[in-house]
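From first to last, the protein sequence lines stand for chains A and B. So the number in the numbering used here is just where the residue sits in the first sequence, counting from 1, plus 17. So the number in the numbering used here is just where the residue sits in the second sequence, counting from 1, plus 23.
By construction, these hints were calculated from the structure, which means they are not laboratory data.
Pair ranges (Cβ atoms, derived): (1) B:V176 / A:V91: 46 to 56 Å; (2) B:F126 / A:Q220: 40 to 50 Å; (3) B:S155 / A:G165: 51 to 61 Å; (4) A:V91 / B:F126: 42 to 52 Å; (5) B:T118 / A:R207: 37 to 47 Å.
Lysine-lysine pairs mimicking DSSO-like chemistry, simulated, CA-CA at most 30 Å apart: (6) A:K135 / B:K186; (7) A:K146 / A:K196; (8) A:K117 / A:K196; (9) A:K200 / A:K146; (10) A:K146 / A:K135; (11) A:K239 / A:K32; (12) A:K117 / A:K135; (13) B:K186 / A:K117; (14) A:K146 / B:K186.
The structure presented is a predicted model; accordingly, all values stated were derived computationally and were not measured. Just so it is clear, CB atoms sit at the ideal spot from N, CA and C, and this is done for glycine as well.
The residues making up each chain are set out below.
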Amino acid sequence: MASDAPAPEYLLELKDVEAGYGRAALVLRGLTVQVPPSSIVCLVGPNGAGKSTVLKVASGMLTPRSGSIRVNGVDVTRNGPQDMIRSGLSHVLQGHSVFKEMTVAENVGLGAYTVRDKALIAERTDFVKTLFPVVADRWTALAGALSGGQQKQVEFARSLMVSPQVVLLDEPSMGLDPKTTSKVFEQVVRMRDAGIAVLLVEQNARRALETADIGCVLDLGKVHITGPASELLADPQLAELYLGGRPAAVPTT
Amino acid sequence: MSGSLLLQSVILGLLLGGLYALLAAGLTLYFGVMRVVMIAHSAFLILAAYLAWWFQRETGLDPLLSLVVTVPLFFVVGFVMQRLLLARLRPATLTMMSVLLTFAIALTIEGLLGYVFSGTQRRIQLDYSGSSLEVFGANIAVVKLIAFGLAAVALLGLWALMKLTRFGQALRATIQHPEAARLLGINTDRIAGFGFGLGLATAAIGGTALSLDSTIYPSLHWHWIGPLMAIIVIGGLGSIPGAAIAAMLLGVSQSLLQVPLGTTWAQTVFYIALFATLMVRPQGFFGGRLAQRF
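Work the whole structure out from these sequences, hints included.
Structure below.
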């Protein structure tokens, strides 16, 4: 992996970002988040902390008022959604966002809307079909006819069609039962193991930190604590404040 | 009612239903793409009919040839109208304000038609205007068949465009989940504009078809917009197949009722069906699974 130019330390870096909606007060107040390669970074925090706004800024849906966004070391602060895709970011919305009245095949195909290279599209299609077997199994079904967990996997598959370096996941467990949630988190780990970095926002903080490599605790538009997810989980004070009670069992590693 | 009269009514109803279906598909597109209630749709229909009539009067050529100009022209007008006017309405009150805005556009078109062509009733006279085919004792005017064929081809083309092309997929994605579509790199604003252009292109085709065998006058569009609105509500707002099915059924009903009730009363079938739909199934009869599907 040795190359002449030093690879940037972080695939995605949001630095001192301030952002808000319209003329309303700022939601993000000097936020800094860094996503290293091949890792799952998880943002946790109370409602209204600005978790989803972080992802909207990162994917170009909302332009920050100040601060910078870098993907692979390149400044992309002012880019809109289309350019963000080109620079290697892909965003999966919270809730269900499949195109319900279209087939799984059409959904996945639309993931490659910005890709012109037919061979590359075929290659990516094979890749996501292997990574998410349910996508291959239900290829010709209407996406709206799938279960919630299956729809999530279609959304994941769709987001990987552009060969992103970082995938932004907004509350992937929203509206899913615990068993399906575990399954979805398994898929998130598989995405990381396939070499894709993940920036994850979750309401279900404990479950998400168990999956993540790095955790960031967000409150009032700022990151208060960043550290290895396992350490955050083990911290009794954090558990009290953000994870809903004390840790059940502290892993002794 | 004799057998041949019944058959004739059913056939005429189906032929009329085809035209309704095409126009309702346009209305459904506007609503699906951006929740716009487009009152001016039928005014553009009449405008296209006038352009066909004028084209025939000035050049002596077949009015169908006017499509070569009116279809692209209406597409561009629709795109520009969406980008410059409708896209500027505040999203929170878009649907309601779109009624006012497009009502104003309808009045403007009607006024301009009256000013330029006067309020006189107009009708195209063609060599084949009077010819008809006899099918099992039923007399079917050739112009009605041509109008239906035009509508059917246009609907089929629209279907193919929506189903088989990259643009159609992007348009359907924009209708079904605009935010997700935007995140995939689809320029949803431009796609919505094109969707509007397509809707208006259906009015161009419909108007030409209408001009073949109808007497036209500037305020004729008011007779069309009510039934068309009823059709898309009954079919389930946003559902093109739903609109097409409702259009066919209501076209046939209207045609059958014309025999005992006369033309004016037969039109009430649309409103009765509308009331019934709103009471029994307000989401429309095909609004569930078929909605937004093509």
